[in-house]
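Protein sequences, first through last, are from chains A and B. Residue 84 in this note's numbering sits at position 84 of the first sequence, and the numbers go up by one each step. Residue 79 in this note's numbering sits at position 79 of the second sequence, and the numbers go up by one each step.
Read the hints as simulated data drawn from the structure, not as lab findings. There's no promise every hint is true.
[Unchecked claim] Ranges between beta-carbon positions, derived for each pair: (1) B:K60 to A:A16: 28 to 36 angstroms; (2) A:F23 to B:K13: 20 to 28 angstroms; (3) B:K55 to A:D77: 17 to 25 angstroms.
[As the list claims (entries may be wrong)] Once the Cα atoms are required to be at most 35 angstroms apart in a straight line, the calculated DSBU-like pairs of lysine-lysine come out as: (4) A:K74 to A:K13; (5) B:K83 to A:K27; (6) A:K83 to A:K51; (7) A:K51 to B:K60; (8) B:K55 to B:K69; (9) B:K24 to B:K69; (10) B:K13 to A:K83; (11) A:K27 to B:K60; (12) B:K24 to B:K83; (13) A:K13 to B:K27; (14) A:K69 to A:K83; (15) A:K60 to B:K51; (16) B:K28 to B:K69; (17) B:K27 to B:K13; (18) B:K60 to A:K24; (19) B:K27 to A:K24; (20) A:K83 to A:K55; (21) B:K78 to A:K28; (22) A:K74 to B:K60; (23) B:K55 to B:K27; (24) A:K55 to B:K28; (25) A:K27 to B:K69; (26) A:K27 to B:K27; (27) B:K83 to A:K74; (28) A:K83 to B:K78; (29) A:K74 to B:K78; (30) A:K78 to B:K24.
[To be verified] Facing chain A, from chain B, some residues (calculated, C-beta under 8 angstroms): (31) E12; (32) Q34; (33) V37; (34) E41; (35) L42; (36) K60; (37) W75.
Positions of the beta carbon are idealized from the N, C-alpha and C atoms, including for glycine.
Number of protein chains: 2
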Amino acid sequence: MYVVLVYDISQEKNGARRCSRIFKICKKYLSHIQDSVFEGELSNAQLERFKQELKGYINKELDSVILFKSRQEKWLDKEFWGKEDDCTSFFL
Amino acid sequence: MYVVLVYDISQEKNGARRCSRIFKICKKYLSHIQDSVFEGELSNAQLERFKQELKGYINKELDSVILFKSRQEKWLDKEFWGKEDDCTSFFL
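Excised from the complex, chain A in its bound form (with noise of 0.2 angstroms):
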């Protein structure tokens, strides 16, 4: 499926050291499209994997981390109304 990530980690309570670890979890999984946004393609069997990587991290009280799913990347179109990050990655 394709999925679209957005996260606001709270500075409070470690939360630099937080922020950098969901970070990285977020860049093995999917592309990094804008400051705290990424996409991609996953399995169910990757979601489950990455779901449960990024649950040691996320602080349920201050953190807000939501995912969007699409069955099939197309039908979901994508605009860029500001400048294009070089990372992104474009729908074919």
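Starting from the known structure of chain A, arrange chain B on it as the hints suggest.
Okay, now just chain B, sitting in the frame of chain A:
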């Protein structure tokens, strides 16, 4: 159509003012679900007006604004892996 908008506004060149204007325009058209993430249902006409309003404030060299569009909200599923903001609009 159902849209998700994510932005990353640079602090350079009067960025705080741009960010505040962009935030207000996004709030006018969409629901605020995370720090710099908005979602909502827009018609083509509304999307066009929204884009035109934002255009005046986005610095195309510095700011990143990405819009994900799905023809139907049901094609996109949403999961919260951290806290859920009170202001979030949930799927039916």
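Results of checking the hints against the structure:
In this structure the supplied range 28 to 36 angstroms holds for B:K60 paired with A:A16, their Cβ-Cβ distance being about 30 angstroms. Checking the proposed 20 to 28 angstroms range against A:F23 and B:K13 shows it holds: the Cβ atoms sit about 26 angstroms from each other. Range check, B:K55 to A:D77: Cβ separation about 19 angstroms, and the 17 to 25 angstroms hint holds. This hinted pair does not check out: A:K74 and A:K13 have alpha carbons roughly 40 angstroms apart, beyond 35 angstroms.
Under the criterion of a C-alpha separation no larger than 35 angstroms, the hint pairing B:K83 with A:K27 is consistent with the structure, at around 21 angstroms. At roughly 30 angstroms between alpha-carbon atoms, A:K83 and A:K51 fall within 35 angstroms of each other, so this suggested pair holds. The suggested pairing of A:K51 with B:K60 holds, with an alpha-carbon distance near 34 angstroms, which does not exceed 35 angstroms. At roughly 18 angstroms between alpha-carbon atoms, B:K55 and B:K69 fall within 35 angstroms of each other, so this suggested pair holds.
Between B:K24 and B:K69, the direct Cα distance comes to roughly 20 angstroms. Compliance with the 35 angstroms bound is thereby established for this hinted pair. Of the pairs offered as hints, the one joining B:K13 and A:K83 holds, with about 15 angstroms between alpha carbons and a cut-off of 35 angstroms not exceeded. For the given pair, A:K27 sits about 25 angstroms from B:K60 by alpha-carbon distance, which is consistent with the 35 angstroms threshold. Distance check on the hinted pair: B:K24 and B:K83 sit about 23 angstroms apart at the alpha-carbon level, within 35 angstroms; holds.
Of the pairs offered as hints, the one joining A:K13 and B:K27 holds, with about 29 angstroms between alpha carbons and a cut-off of 35 angstroms not exceeded. For the hint linking A:K69 to A:K83, the alpha-carbon distance of about 24 angstroms falls within 35 angstroms, and the restraint holds. Taking the CA atoms of A:K60 and B:K51, the gap is near 34 angstroms; set against the 35 angstroms cutoff, the hint holds. For the hint pairing B:K28 with B:K69, the CA-to-CA distance comes to about 18 angstroms; that is within 35 angstroms, so the pair holds.
For the hint pairing B:K27 with B:K13, the CA-to-CA distance comes to about 23 angstroms; that is within 35 angstroms, so the pair holds. For the suggested pair B:K60 and A:K24, the alpha carbons sit about 28 angstroms apart, so the restraint of at most 35 angstroms is met. For the hint linking B:K27 to A:K24, the alpha-carbon distance of about 31 angstroms falls within 35 angstroms, and the restraint holds. Annotation: proposed proximity of A:K83 to A:K55 holds, straight-line Cα distance about 32 angstroms (limit 35 angstroms).
Only pairs whose Cα atoms come within 35 angstroms are accepted, and B:K78 paired with A:K28 is accepted, the gap being roughly 21 angstroms. At most 35 angstroms may separate the alpha-carbon atoms for a hinted pair to count; A:K74 and B:K60 meet this at roughly 26 angstroms. For the proposed pair B:K55 and B:K27, the alpha carbon gap of about 15 angstroms is at most 35 angstroms, so the pair holds. As the CA atoms of A:K55 and B:K28 are separated by approximately 34 angstroms, the hinted pair is consistent with the 35 angstroms bound.
Annotation: proposed proximity of A:K27 to B:K69 holds, straight-line Cα distance about 23 angstroms (limit 35 angstroms). Proximity of A:K27 to B:K27 is assessed by CA-CA distance (about 29 angstroms); at most 35 angstroms being required, the pair is judged to hold. Simply put, B:K83 and A:K74 have alpha-carbon atoms about 29 angstroms apart, close enough for the 35 angstroms limit, and the pair holds. Proposed proximity of A:K83 and B:K78 is supported: the alpha carbons are some 26 angstroms apart, at most 35 angstroms.
For the hint pairing A:K74 with B:K78, the CA-to-CA distance comes to about 17 angstroms; that is within 35 angstroms, so the pair holds. About 22 angstroms separates the Cα atoms of A:K78 and B:K24, which keeps this hinted pair within 35 angstroms; it holds. At its closest, the beta carbon of B:E12 sits 12 angstroms from a beta carbon of chain A; the interface hint therefore is violated under the 8 angstroms criterion. For B:Q34, the interface hint holds, the least distance from its beta-carbon to any beta-carbon of chain A being 5 angstroms, beneath 8 angstroms.
At a threshold of 8 angstroms, the smallest CB-CB gap from B:V37 to chain A is about 5 angstroms, leaving the interface hint in force. A distance limit of 8 angstroms between C-beta atoms decides the matter here; for B:E41 the minimum to chain A is near 15 angstroms, and the interface restraint is violated. Given the 8 angstroms rule on beta carbons, the hint for B:L42 is violated: about 12 angstroms separates it from the nearest Cβ of chain A. Interface restraint check: B:K60 against chain A, minimum CB-CB distance 6 angstroms, threshold 8 angstroms, status holds.
Hint status for B:W75 relative to chain A: holds, with the closest Cβ pair at about 4 angstroms, below 8 angstroms.
Going down the numbered hints, you'll see the structure goes against 4, 31, 34, 35, while the others check out.
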